[in-house]
Amino acid sequence: MTHRIDFSKLSVCDALDLAILVEEEAKDRYEELADQMTIHHNEEAARFFLRMVQIELTHERILTNRRRALFPNRPCVVTRAMIFDVEAPDYGDARATMTVRQALEMALGGETKAYEFFDRALKEVHNPEVRDFFGQLRSEEQEHQALVQAQIAKLPPEPVITAEDVSDEPVAH
Amino acid sequence: MKSSAAPALPVFQAKDFKSDLKPIWCPGCGDFGVLQAIYRALAAVGRPPHEIAFVSGIGCSSRIPGYTTAYGFNSVHGRALPIAQGIKLANPDLLVLVAGGDGDGFSIGGGHVPHTIRRNPDITYIVMDNQIYGLTKGQLSPTSPRGLKTVTSEYGSVEAPVNPLLYVLAYGANFVAQGTPADMAGLSEVIEEAIRYPGFSFVNVQSPCVTFGGEEAQVKAHRAHMKTLKSLGHDSTDRLAAMGLAQLYGQELHTGVFYRNPEPPPTLDALFRERQETLAGKALPRERILDAFIQK
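From first to last, the protein sequence lines are chains Z and B. First residue of the first sequence? That's 32 in this note's numbering, and the numbers climb one at a time after it. First residue of the second sequence? That's 34 in this note's numbering, and the numbers climb one at a time after it.
There could be a bad hint or two in this list.
Said to hold, decoys possible - Some residues of chain Z that are not near chain B, with every Cβ distance over 12 Å (derived): (1) 151; (2) 159; (3) 163; (4) 167; (5) 170; (6) 175.
Said to hold, decoys possible - For lysine to aspartate or glutamate, the following DMTMM-like pairs were computed, each having C-alpha atoms within a straight-line distance of at most 20 Å: (7) B:48 with Z:59; (8) B:170 with Z:195; (9) B:48 with Z:62; (10) B:182 with Z:195; (11) B:170 with Z:59; (12) B:51 with Z:62; (13) B:55 with Z:195; (14) B:182 with Z:199; (15) B:51 with Z:199; (16) B:182 with Z:196; (17) B:170 with Z:200; (18) B:55 with Z:55; (19) B:182 with Z:200; (20) Z:185 with Z:136; (21) B:51 with Z:196; (22) B:253 with Z:136; (23) B:48 with Z:55.
Bear in mind the hints are in silico, worked out from the structure with no lab data behind them. Glycine included, every Cβ here is placed at the ideal spot set by N, Cα and C.
Please construct the entire structure, taking both the sequences and the accompanying hints into account.
Here it is in structure tokens:
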């Protein structure tokens with residue numbers, strides 16, 4: 032979801048900054064989800080979300096280094112206020128008793144949203160360099176989706192009776 | 034955007050309003066999205082946290098002031114509005130926000146809503162309407178739909194719900210909007226607009242209870258059936274049209290501004306300030322007050 036971004040006027044530097052913010056937003060959301068799971072005693076899901084924090088952080092650093100190398104002195108004119116939930120998984124999909132499979136499905140939802148974001152943006156981008164960059168990011172999101180799907184495929188099937196069916200309502204701490 | 038003509042960056046970012054306290058709401062709760070939307074709205078408004086007072090009542094959603102860096106008062110059940118009015122009158126320069134749930138606002142504190150509206154203090158009231166008492170383990174709330182089965186309505190509720198939108202519109206509220214965490218950008222915008230509105234502003238947020246609410250009330254379902262008032266071509270300056278749409282509360286999920294009085298009446302704080310200035314001219318000097326009292 033974007034807010035007040037005119038993709039037709041994006042420079043390469045702006046596009047890089049935007050991509051960094053997308054990763055930062057996703058990292059922040061995974062951190063929040065890890066906290067939620069820790070607070071609700073779901074250590075397994077918390078560990079998975081913390082792993083996702085590290086992955087998003089790595090992506091963010093790679094992009095930041097590239098930005099610093101290409102445009103060391105140019106000020107950033109893109110802000111977090113311009114994006115909303117681009118790659119960050121939906122809060123509404125989390126559950127206190129969620130399994131790792133469900134957590135992976137949440138992550139897949141985030142990767143799918145990010146793919147759709149860059150796909151939509153590409154239709155509005157005119158600058159050929161920005162088009163190449165966004166095309167590359169879109170492909171990466173597709174690769175990430177495949178990676179998450181491969182992880183899901185490795186997991187055993189979910190039990191017919193889930194923790195949600197038998198547990199009391201969530202209690203924090 | 035052109036890098037050569039860099040626009041001024043906002044003074045505050047959403048993270049400036051996020052406190053170190055971690056929310057203990059159930060994962061999946063709609064209030065997480067509402068909180069994000071509030072951070073964004075506050076950053077856009079651009080007032081520093083120390084100039085903001087955030088008051089709440091009791092309930093899951095009433096924990097929200099603690100999750101911000103603003104001054105917070107997690108007060109008494111149903112009494113957030115009178116406390117907020119007191120704060121605003123004592124220090125009119127503060128930006129005053131009020132938050133709470135539908136039970137806090139329309140049952141326990143229901144009597145305060147019309148009086149706040151008629152006084153018109155410059156405060157913003159955000160109700161996180163989840164149609165249930167979640168904190169106390171899922172009893173019927175004033176906005177629970179008829180037929181809802183809960184621990185206090187084993188065979189389904191026989192009561193008609195309170196319609197918060199129609200309620201505040203009928204009492205003359207000058208700014209009335211609704212949002213959902215299914216559209217956080219839209220929610221953030223209406224909260225920002227509500228804060229900027231001079232006078233009492235009301236935002237009803239359909240914020241699902243993940244633990245006691247049905248699947249049809251969750252964020253995914255909201256996303257599937259919500260309609261923006263803009264897409265309907267609604268004229269937000271028309272109170273009667275707003276009331277017509279508000280009647281569909283519980284059947285349709287309309288988001289955006291229902292009503293915005295284009296000619297905002299004077300606020301309570303402005304009227305008080307004016308009265309104080311008028312009376313101050315006739316007042317005795319402080320050192321003569323005791324003499325005047327003794328002479329009588």
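Results of checking the hints against the structure:
For residue 151 of chain Z, the requirement that its beta carbon stay farther than 12 Å from each beta carbon of chain B is met, with the minimum near 14 Å. Distance check for residue 159 of chain Z against chain B: the nearest CB is about 17 Å away, which clears 12 Å, and the non-interface claim stands. Its beta-carbon lying about 18 Å from the closest one in chain B, residue 163 of chain Z satisfies the requirement of being farther than 12 Å from that chain. Residue placement check: residue 167 of chain Z keeps its beta carbon more than 12 Å from all beta carbons of chain B (closest about 20 Å).
No beta-carbon of chain B is positioned within 12 Å of the beta-carbon of residue 170 of chain Z; the least distance is around 25 Å. Interface exclusion of residue 175 of chain Z from chain B stands, the closest Cβ pair being 22 Å apart, more than 12 Å. Between the alpha carbons of residue 48 of chain B and residue 59 of chain Z the distance comes to roughly 10 Å, so the proposed pair stays at or under 20 Å and holds. Taking the CA atoms of residue 170 of chain B and residue 195 of chain Z, the gap is about 16 Å. The hint holds against a cut of 20 Å.
Under the criterion of a C-alpha separation no larger than 20 Å, the hint pairing residue 48 of chain B with residue 62 of chain Z is consistent with the structure, at around 14 Å. Taking the CA atoms of residue 182 of chain B and residue 195 of chain Z, the gap is about 19 Å. The hint holds against a cut of 20 Å. Simply put, residue 170 of chain B and residue 59 of chain Z have alpha-carbon atoms about 30 Å apart, too far for the 20 Å limit, and the pair is violated. Distance hint between residue 51 of chain B and residue 62 of chain Z is fulfilled; the C-alpha atoms sit about 14 Å from each other, no more than 20 Å.
Under the criterion of a C-alpha separation no larger than 20 Å, the hint pairing residue 55 of chain B with residue 195 of chain Z is inconsistent with the structure, at around 23 Å. Restraint check: the Cα-Cα separation between residue 182 of chain B and residue 199 of chain Z comes to about 17 Å, which is no more than 20 Å; the hinted pair holds. Of the pairs offered as hints, the one joining residue 51 of chain B and residue 199 of chain Z is violated, with about 30 Å between alpha carbons and a cut-off of 20 Å exceeded. Pair hint residue 182 of chain B plus residue 196 of chain Z holds up; C-alpha atoms about 18 Å apart against a cutoff of 20 Å.
Restraint check for residue 170 of chain B and residue 200 of chain Z: the C-alpha separation of about 8 Å stays at or below 20 Å, so the hint holds. The suggested pairing of residue 55 of chain B with residue 55 of chain Z holds, with an alpha-carbon distance near 19 Å, which does not exceed 20 Å. The suggested pairing of residue 182 of chain B with residue 200 of chain Z holds, with an alpha-carbon distance near 16 Å, which does not exceed 20 Å. For the hint pairing residue 185 of chain Z with residue 136 of chain Z, the CA-to-CA distance comes to about 13 Å; that is within 20 Å, so the pair holds.
As the CA atoms of residue 51 of chain B and residue 196 of chain Z are separated by approximately 34 Å, the hinted pair breaks the 20 Å bound. For the hint pairing residue 253 of chain B with residue 136 of chain Z, the CA-to-CA distance comes to about 14 Å; that is within 20 Å, so the pair holds. Only pairs whose Cα atoms come within 20 Å are accepted, and residue 48 of chain B paired with residue 55 of chain Z is accepted, the gap being roughly 12 Å.
In this structure, the earlier hints numbered 11, 13, 15, 21 are contradicted, and the remaining ones agree with it.
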